[in-house]
Each structure stands twice: as structure tokens, then as C-alpha cells.
Amino acid sequence: MAVLVLVILAAVVWVVGAPLRRGAAVEAEETDSAEREQLEAAKEAKYREIRDAELDFRTGKLDEADHRAIDRQLRAEAVEILRALDRLGAGDR
Amino acid sequence: MATLGRACLILALAVAVYGIGAGLYAWRTGRRDVATSARRAIYALAGLTTIAMVILEVAFLRDDFSYATVASHSSTTTPLFYKAAAVWSSQEGSLLLWVWLLSLWSSASLFFTRKRMRDVTPVATAVLALFAAFFTGLLVFTASPFHILGNAPVEGAGLNPLLRHPSMMIHPPMLYSGYTLFTVPFAFAVGALATGRVDAEWITATRRFALAAWLFLGIGIVLGARWSYAELGWGGYWAWDPVENASLLPWLTGTAFIHSIMIQEKRGMLKIWNVSLVLTTGILAILGTFLVRSGILDSIHAFGASTLGVPFVALIVFLIALAIGLVTWRSSLLRTEHRIDSFLSREAAFLFNNMLFVGLAFVVFFGTFFPLITEAFGQRRNVGPPWFDRITVPLALALVGLAGIAPLISWRRATVANLRRNFLGPVAFGAAVTVALIAAGGVAHKPLALAMFGLAGFVIAGVAQEFWRGTRARRAMSTDAWPVAVVSLVRRNRRRYAGYLVHVGMATLFVGVAASSAFQHANDVRIRPGQSATVGGYTFRDIGAVGRIDRRDGRIQRIELGSRLQVFHGGKSLGILEPTRGYYPSDAPFAPVSGMFDGESTSEVRMFAGLRRDVWSAVQPELGGIRHDTRIFDAAIRQMAKQGVPAGKQALAFQVGLEKAVVDYARSRPFATFRLIVSPLVSWIWIGGIIVFCGGLTALWPAPDAARRRATAGYAARVAQELGRA
Amino acid sequence: MDPSRKRRVRLVVALTTALLLAGALVYTSVSASTEALKPSQLLAQARPGQSYQVTGKVVAGSIRHRGATVLFRVRDRNGTMSVPVAYTGTVPDPFADNREVILQVHKSATGDGFVGERDTLVTKCPSKFSAKS
Numbered sequence: 001m002a003v004l005v006l007v008i009l010a011a012v013v014w015v016v017g018a019p020l021r022r023g024a025a026v027e028a029e030e031t032d033s034a035e036r037e038q039l040e041a042a043k044e045a046k047y048r049e050i051r052d053a054e055l056d057f058r059t060g061k062l063d064e065a066d067h068r069a070i071d072r073q074l075r076a077e078a079v080e081i082l083r084a085l086d087r088l089g090a091g092d093r
Numbered sequence: 001m002a003t004l005g006r007a008c009l010i011l012a013l014a015v016a017v018y019g020i021g022a023g024l025y026a027w028r029t030g031r032r033d034v035a036t037s038a039r040r041a042i043y044a045l046a047g048l049t050t051i052a053m054v055i056l057e058v059a060f061l062r063d064d065f066s067y068a069t070v071a072s073h074s075s076t077t078t079p080l081f082y083k084a085a086a087v088w089s090s091q092e093g094s095l096l097l098w099v100w101l102l103s104l105w106s107s108a109s110l111f112f113t114r115k116r117m118r119d120v121t122p123v124a125t126a127v128l129a130l131f132a133a134f135f136t137g138l139l140v141f142t143a144s145p146f147h148i149l150g151n152a153p154v155e156g157a158g159l160n161p162l163l164r165h166p167s168m169m170i171h172p173p174m175l176y177s178g179y180t181l182f183t184v185p186f187a188f189a190v191g192a193l194a195t196g197r198v199d200a201e202w203i204t205a206t207r208r209f210a211l212a213a214w215l216f217l218g219i220g221i222v223l224g225a226r227w228s229y230a231e232l233g234w235g236g237y238w239a240w241d242p243v244e245n246a247s248l249l250p251w252l253t254g255t256a257f258i259h260s261i262m263i264q265e266k267r268g269m270l271k272i273w274n275v276s277l278v279l280t281t282g283i284l285a286i287l288g289t290f291l292v293r294s295g296i297l298d299s300i301h302a303f304g305a306s307t308l309g310v311p312f313v314a315l316i317v318f319l320i321a322l323a324i325g326l327v328t329w330r331s332s333l334l335r336t337e338h339r340i341d342s343f344l345s346r347e348a349a350f351l352f353n354n355m356l357f358v359g360l361a362f363v364v365f366f367g368t369f370f371p372l373i374t375e376a377f378g379q380r381r382n383v384g385p386p387w388f389d390r391i392t393v394p395l396a397l398a399l400v401g402l403a404g405i406a407p408l409i410s411w412r413r414a415t416v417a418n419l420r421r422n423f424l425g426p427v428a429f430g431a432a433v434t435v436a437l438i439a440a441g442g443v444a445h446k447p448l449a450l451a452m453f454g455l456a457g458f459v460i461a462g463v464a465q466e467f468w469r470g471t472r473a474r475r476a477m478s479t480d481a482w483p484v485a486v487v488s489l490v491r492r493n494r495r496r497y498a499g500y501l502v503h504v505g506m507a508t509l510f511v512g513v514a515a516s517s518a519f520q521h522a523n524d525v526r527i528r529p530g531q532s533a534t535v536g537g538y539t540f541r542d543i544g545a546v547g548r549i550d551r552r553d554g555r556i557q558r559i560e561l562g563s564r565l566q567v568f569h570g571g572k573s574l575g576i577l578e579p580t581r582g583y584y585p586s587d588a589p590f591a592p593v594s595g596m597f598d599g600e601s602t603s604e605v606r607m608f609a610g611l612r613r614d615v616w617s618a619v620q621p622e623l624g625g626i627r628h629d630t631r632i633f634d635a636a637i638r639q640m641a642k643q644g645v646p647a648g649k650q651a652l653a654f655q656v657g658l659e660k661a662v663v664d665y666a667r668s669r670p671f672a673t674f675r676l677i678v679s680p681l682v683s684w685i686w687i688g689g690i691i692v693f694c695g696g697l698t699a700l701w702p703a704p705d706a707a708r709r710r711a712t713a714g715y716a717a718r719v720a721q722e723l724g725r726a
Numbered sequence: 001m002d003p004s005r006k007r008r009v010r011l012v013v014a015l016t017t018a019l020l021l022a023g024a025l026v027y028t029s030v031s032a033s034t035e036a037l038k039p040s041q042l043l044a045q046a047r048p049g050q051s052y053q054v055t056g057k058v059v060a061g062s063i064r065h066r067g068a069t070v071l072f073r074v075r076d077r078n079g080t081m082s083v084p085v086a087y088t089g090t091v092p093d094p095f096a097d098n099r100e101v102i103l104q105v106h107k108s109a110t111g112d113g114f115v116g117e118r119d120t121l122v123t124k125c126p127s128k129f130s131a132k133s
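Read top to bottom, the protein sequences are chains A, B and C.
Letter by letter, the first sequence follows residues 1 to 93 of the numbering used here.
Letter by letter, the second sequence follows residues 1 to 726 of the numbering used here.
Letter by letter, the third sequence follows residues 1 to 133 of the numbering used here.
Pulled out of the complex, with its shape left as it was, chain A reads as follows:
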């Protein structure tokens, strides 16, 4: 029984400690990776919004003129996000 406990203890220590042993080698990350993630998420959300607006139009909740205006605005916002992503990722990826 005691042996089993020790084995489990050793396993836990090994698993939890492994990253520490590998050390802070992975540190020199893109510090703006957080920024990139945020922009990627915003891009996905914006695409979803564009799709939603189109669905609203096709199911009759928006008329053509309104939809065109909203669609144009949303796409402009999407362009902004893509531009920001480009600025970030110049050379990367």
C-alpha cells in the first residue's frame, strides 16, 4: 500500500514538475500573441455578425436598404480588424 502511495506521489510530482524542469525556455514569445488572439476572436465574431445580418435580411427582418447599410458598416469594421492583424503579423505566420 505504502509503495502504491509513493508511486502515485512520484507520478504527480513528475507530471506537475516537468514544465519547470524544461525551464523558462519558451519565454521569448511574441508578446503581442495576446493581441493577436484578441483580434482573431474579434474577426470571427465580426464574420458571424455579417452572417447574422444577412440571415436577418433573408428572413425578412431587415429590408434591403437597411441591410446594405449595416452590411457595409460591418464589413468596414472587419476590414479594420484585418488591417490591425496585418500590422501585427508583418512577417509572422
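In short, the hints are calculated from the structure, not lab data.
Note that the structure is predicted; figures quoted are calculated from it, not measured.
Hints should not be assumed to be uniformly reliable.
[As the list claims (entries may be wrong)] What follows is a set of in silico ranges between Cβ atoms, one per label pair, in the way DEER data are often shown: (1) A/Met1 - B/Arg638: 45 to 53 Å; (2) B/Arg421 - C/Gly23: 39 to 47 Å; (3) C/Arg8 - B/Pro386: 36 to 44 Å; (4) C/Leu19 - B/Ser478: 24 to 32 Å; (5) A/Glu40 - C/Gly23: 22 to 30 Å; (6) B/Ile576 - C/Asn78: 42 to 50 Å; (7) B/Pro386 - C/Ser40: 21 to 29 Å.
[Claimed, not checked] Anything over 10 Å on all C-beta distances counts as not near chain C; from chain B, calculated: (8) Ile20; (9) Asn160; (10) Ala239; (11) Gly359; (12) Ile391; (13) Ala476; (14) Gly571.
For glycine and all other residues, C-beta sits at the position ideal for the given N, C-alpha and C.
With chain A fixed as given, assemble chains B and C onto it according to the hints.
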């Protein structure tokens, strides 16, 4: 084995504490390796608690009565399925279940976000580890499931027969999954606030878990209601009991959150509101866990007044302080990006929905804690179900109405012409339903129920219209056949259409609730074989009493006494219901035969469940006659013992006496009190629940990457064109 | 009206509505509530015609059935003062000696006992964790 289990729990506590420290350290120093180590601590936690769970389960399944928990909650005669589930019928077992589920969901959430939100996850890890440390601390220091008895009894006390129902066995794991899943968005909210990253990413990461929590908790609540209706002898499914309410509270705020998060996603609004909502939901989940076992409120559920009250209160106070502190600290970051454009918009509908849900939660909270609040001011008072019903029914009606409105209105701003085009059909249908019901008669005197039926019609018609229009639009863009178009529509707009399905489910559920509350016929009648009673147009004829001895492996499990009722409606027989009461033996060495009727007893409810109505029956036999008989047999057996008659002969006398008493009961045409209920549309409650489950599952289903990329590629191309043009 | 003024007006309206609703909530709850008492308090304070919630334990050996009515005594959780109750209605399955019960009662018109109000009897699930001898 028990020492191994205990060692695992101690180790789990240590690992959890390490997780808190490592998470916080990784946050302050930005060290990625420490963050990874903290995440792995959570994985290790999952592994350790799994081992502990397995050890405890095996002990139950093997009838190892040296474990105090097994001895007091199971027995050799308990059926296998219930033995496995008896683990969480005890205080310690349920705490272990809680922390095991917590570690599983925490591991999953950290695994799926391991490559993202690298600022936020260390703090989230620390928070999840804090919860784990709290519960493992309780398990190690105050409520150990691995406590070994000095003298292991030969037989256990057995599972409370009331709990021997499949719903009751799945109910705790479902509820706890809901509660523990809500701690994940809570932890990520704390992390987002601590790191100042309350943005789109946080929403995407936590939305799924909040939805899963909402789904599990909802299913757990419905299962509890089903058990109450089908197992307990009162024929109701919701009593506004404090513990029922405690599980409802985080579900209500969770529903509000799922809706308002969409507004933040689209318009960058309601940031403070959303963060506060998700923090409150997490705290309410802990509160719910606490209420069941605290004994501070008088309720049907109580693990008994225990010493766990104080630590829980301390944790809740700490969480509230933490939440308020974080929101105040980061309030400048949570500035809204836009304002509401118009009150005629889906945003406004969602906002209103939020106010109603939070209002409803507040009402339920207030009513539940009323005894404590009034006690603080002097005399303890309490409010009963009528008050709850009076206040919540109008709110529920408003919510169903909103659920119908929101799908038909556009984001940002809707024009009157649009409204007319979209609302005409569904409103007409709802009105038609209402008028038809009034014309059919017998409904108009219950205006609230009538309103619910009309609103539900409105909701369902609106969803049907949406599916129709969406599919038609889909077919206009592709050449798919109708069924394929519907499926494709849902797959490409999963969230929206799954949400519509949930609305349909909820409307169905509320129709069931309204009909079965407002138009129920219930009566308690006292009759004997040969007599009849009429309830709600159905006639119940007592055609004979029954008595049975349930044996398993030669041992007596219980005695069943009851009656056979033949049910007639409109002259035709529907069949025979045989409600009974099960009597479980108690230990009564000096009254072995009477002792059969002195232990626990359960109602065996019998009903004809149908789409249009349920015919429900329960019985309370009168035991005067049978007790008289058993006392005679007891006296005879005592006499035999005094005369030194061998034990074998005494046992035989016992068997003979018991069987005779039971047979005589059936033959004596005894009176019994029956509760008879005819309740319309009850089944729709359960059907509605299933529909909600399907809708929720559809919403949760991960969109296969390929489909998602295809869906967005088109838009990406168009946007890229813009880029080129600009 | 400029936007910030409009916002302030909306805020005031919202807060006032919330306060009014909260006030209504408190009012309805207090008027619909009943006092929650222990049996000893019930003996001392109960007035005829008033409904009370009583919480306590069933006195061992006190349960009698008379047709569809159950007669029993309820005592303080930690004490011996008890009151007699005659209750008609659903009897929950766990109802037995020494179980904790909650029910609504009013003073009996005849005699000095209490009448349990229909279907208000709640019995706590027996805790197997504590007090198992």
C-alpha cells in the same frame, strides 16, 4: 485501500494548494513554465480524485462495511445500480463527487484553452484550484469518505428507499455537473478582470462552459421534478422548497448571461453587467451546494445540521468580496462601446429578458431567505408556495412573450414595416389559439393559463416561421432539397436555431405547467373494496386490496400493501392501477412481525401517463387491522422464545405469521385513503425538457472546423476584396 | 434633451421602478407570510384564527391514525415541550418517530390542540450521517 484513498485526497489537497500558488505566481511573473505546471496540477487533481472515486465505488459495490460510509448508506440487499449511486447519497460521498466533477471540467477547460488567453489562464487555474482546495480540505479534515470502523458490521443500514429511483440517482451528478461547470466561467471571469482582458476572447472561451453548465443544471432540476411527481406521494413536481430554489437561482442568472453575452459580443455593451452576472452565478452555485447541507433553512432536503456551515459561509463571503473588488478595480476597462440604438431591437429585447430573469432570481432568492431576513429583524417568518406562484407566474408569462418576440426582431433597429411583416403570422396564430380555447370552453376562467397557452402558440409559430423563411432562403442560394436545406441551415447558424429549439421546449414545458396547475382535479378519498370515487370525470373503483411480500435471495426486502383500482372514463375502462405502499423492515427483535411495518415506508405511485392527461394515484393503507394481527403473532413468538423453542421453529412461525397477516389484509376489504389526481398535459413538461436538452446539445455541438472555415471563407473573400479596393 | 441628460432620466426612472417593485415585493411577502415557531413558542404565543408554521420533531410513540387523520405530537428540536396536532392530508413517506417535520397549523376550535393545514406537512429526509447510534 482506504488508506490509499485518504492519501490521494491529502495529496489532492496539497496539489490544489500548489495550483493556487503556482497560478498566482505565473500571473505576477508571466512565467509560462509555471503556468503550465499549475495547469498540470489540475490534471493531477483529476487523476487523484478519480482514483479516490474508484476506490469508494468499489467499496460500495463489494459491500465493504468496514467503510463507515458504506455501512451507513448501503446494504447487501441494495440492488447493484443503487449501490453504485449510493456513493453520493452521503455527505462525504457527495463532496467527493463535487470535487471529482470540478477537477474533470477544470481540466477540460484548461486543456482546450491551453494555447490561448495565456494571460488569463494562470489566474483561472488558481481560482479553480482554490475551489478544489476548499472541497478537498473538507474531505480531508471534516468529512472523510475513507473513515474505517473499528468493528465492521455484517450488514449495512441500506439506502433510504426513497432514493431508489433512477431519476434520483442521476439527479445529483447532473446538478453537480451544472454547479461545477459554472465555476469555470467564474474562474475565467476573475482571470479576465485580474488581467484586464475582458474582451471577445474571454467570451468565446467561457460561453461554451456556461452553456454546458446551464444545460446540465436544467436537466438536473427537471429530473428532480420528475422524481417528485412519480415517486413521492403528493403528486406535485415543484414545491418552492429552499433547496429546489437554490438550484434554480444559478440557472436563472445563467440563462440571463447566455443571452446578454451575445450583446457584448455584437456591440461591446454590458461588460460590467456580464462580468457581474457570471460572477454572481458562480457564487449562487456554491450557495446552492451549501444550502443543501447546511440546515440553516427548513427544507425537505437536509443532510442534517452539520459543521460544514461555517467554512461555506466563509468561502461565499470571500467570493463576494473578491467579485466586488475585482469589478470595482477594473470598472474603467469595462466602459461600454456603444449604446442601445433603439428600443425596437433584439438588443432591447435581450436587455429586458435579462432584467426579468435577474428580477425573477431576486424574487426567488428573497422568498427563500425570507426566514433568515425576518429573523434578523425579530420574529422568524416564512412565505409559502402561494406567494411564490403569485409573483413568478406573471414574470414567467412576460418571459415567454419575450422569447417569442426576440427571434422576430432584428438587431440594432427595426422598422414598423418589418415588425408588421414578421409579427403578423405568429401573433395571429397565438390569438387564434386563445380564441379557439375560449370557444372550446372550460378554459376562460383561468386567464393566466389561457395567456400562457396563447403566448406559447405565439412562440412556436414564430419559430416555425423562422425555420420556414430560413430554409427558403437557403434553398434560394443552393439547390438543396428541403430536408437537406433545414439541416444545412441549422449547421451554418447553429446558435440561432438551437436557441429557437430551446425556446420551443421551454414554451412546451410552460404549457404543461400551466395546464397541470390550473386544470388539475385532485381529491383524497377514503374507500374500501367495492366502493368508487369520481375525480375529474374519471371513476375509480376499488376492486380489491393487495398484499405482497418482496423477497430477494431469500431475505425479505419489503412488504407491499395497496389496492387495485379500475379506472373508468365515459363508460369505458382504461385499465387497472395498483398503487401500493412499500414497508421496509426495522430492527425490532421483540416484535419481529410488527417490526415489518415500523421502518421506512414509500409510496408506490401508479399512473396512466398520456399526452392529454395523467391519471395519478397513491394510497395510504390503514394498518389498524394488520397491526392487530401482527401483535398476536409477536406475542406467540415471544411465548415460544420463553419456552425455549428452537430458533428454526421460531423463524418458521415468523414466516407463517407474516404471510397470514398479509393475506388476511387483502381479504379483509380494508379502508384506505387514496390521493387521486387527473392532471392535463403533465407529459408536456417532460417532453419540453427533452426538447430543451436537444436544443442545448445542438448549440453546444462543436462546429467541425471545415464547415466553419467554409462558412467564413466566403465572407473573408468579400472583405478581402474591400481591402484590395481600399 | 441631450444624450447624457436622457441617460440620467432613464437611470432615475429605472431606479425608481426598481425601488417601487422591491417595496411591493417586501409588502406582499410580509403580508403573505406566517410566523415560524417552535412548539414551545407555539404554546406560549399562538392566537386563535392565526396560521403558524411549526418546526420540530415527532415525539416517539405519539403517532396514531384515526381514519384519514393523523394524530401526533411535535416537540422542540432540542427540548421536550410538545404540542398535539391533528393533520389531514398527504403524509410524506419519511414521516415517523423522531423525524423533523414542518407544517402549517392553527389553533383547534375545540380543545387545546392544533389542526394541521391540509398538505402542508413536510418531513425532512432522515440524515443517515448524523446521530446514527
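- [ ] Please flag the earlier hints that this structure goes against, numbers listed from lowest up.
- [x] Hints 4, 5, 9, 10, 11 and 12 contradicted; others consistent.
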